[in-house]
Amino acid sequence: DTEVTQTPKHLVMGMTNKKSLKCEQHMGHRAMYWYKQKAKKPPELMFVYSYEKLSINESVPSRFSPECPNSSLLNLHLHALQPEDSALYLCASSQGRGSGDFQETQYFGPGTRLLVL
Amino acid sequence: SQQGEEDPQALSIQEGENATMNCSYKTSINNLQWYRQNSGRGLVHLILIRSNEREKHSGRLRVTLDTSKKSSSLLITASRAADTASYFCATDRTGFQKLVFGTGTRLLVSP
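Chains as they are written, first to last, in this note's numbering: chain A, -14 to 102; chain B, 85 to 195.
Treat the hints loosely; a few may be bogus.
What the hints assert, rightly or not - Derived BS3-like pairs: lysine-lysine, alpha-carbon spacing no greater than 25 Å straight-line:
{"id": "1", "chain 1": "A", "residue 1": "K38", "chain 2": "B", "residue 2": "K110"}
{"id": "2", "chain 1": "B", "residue 1": "K110", "chain 2": "B", "residue 2": "K154"}
{"id": "3", "chain 1": "A", "residue 1": "K7", "chain 2": "B", "residue 2": "K154"}
{"id": "4", "chain 1": "A", "residue 1": "K25", "chain 2": "B", "residue 2": "K154"}
{"id": "5", "chain 1": "A", "residue 1": "K25", "chain 2": "A", "residue 2": "K38"}
To be verified - Stretches of chain A that chain B covers, calculated by requiring three or more beta carbons in the stretch to come under 8 Å of a beta carbon on chain B:
{"id": "6", "segment": "44 to 57"}
{"id": "7", "segment": "94 to 100"}
Read the hints as simulated data drawn from the structure, not as lab findings.
The beta-carbon is built from N, C-alpha and C at its ideal position, and this holds for glycine as well.
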């Protein structure tokens, strides 16, 4: 199984709402990532989890809160978002050899398209 | 910014023609990867080339890497309408645990 799944596919939320994005993989990967992608732009890294520990936070605002409950699951909790946070949110995973010496192939989910009103 | 630059930004060709897109980057790397993204979907890994390799093939794809010029190219031969997508190069940075994606090339292949 080489699939990364993400739910929901689409999400519309108001600025006062709290919602969560979910990501799951069953490839035994130990590194998982959240990216944000605006239209016609490349993905921008938000967070990296390595062996269920947060290893990189790219200075993301605290209204985005990641969580890695176990090695297969990755959540992104959203609270008090702004309209400019509307984007495609992509989850990815990789084997995660843990050395940090080089980056491996990443496997991406289909993304959650988020609209903040 | 570490972000790589890709050119052209957009490329429109006919089926059967070859498509070449280029990527330039700024820092020393361990490897360079190419990904494809169909409209509004997730990215799909195409090929990885290590810093000590100069050329790599995979099916209709040919990737070259010139570390002295900090540049790479992706050639898609005998293109098909299904190749229509955005293509991104992605580089790691020695000692850093992350990929940085280039600006992307939007390829349109017309039947």
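Consistency of the hints with the structure:
1. A hinted pair counts as satisfied when its Cα atoms are at most 25 Å apart, and K38/A with K110/B does not qualify at roughly 29 Å.
2. Restraint check: the Cα-Cα separation between K110/B and K154/B comes to about 7 Å, which is no more than 25 Å; the hinted pair holds.
3. Simply put, K7/A and K154/B have alpha-carbon atoms about 37 Å apart, too far for the 25 Å limit, and the pair is violated.
4. Taking the CA atoms of K25/A and K154/B, the gap is near 24 Å; set against the 25 Å cutoff, the hint holds.
5. Distance restraint check for K25/A and K38/A: the Cα-Cα separation of roughly 31 Å exceeds the 25 Å cut-off, and the hinted pair is therefore not satisfied.
6. Coverage of the segment 44 to 57 of chain A by chain B is violated in this model, with 0 residues showing a Cβ closer than 8 Å to a Cβ of that chain against a need of three.
7. Coverage of the segment 94 to 100 of chain A by chain B holds [criterion: at least 3 residues with CB-CB distance below 8 Å; count 4].
Going through the hint list in order, the structure does not satisfy hints 1, 3, 5, 6.
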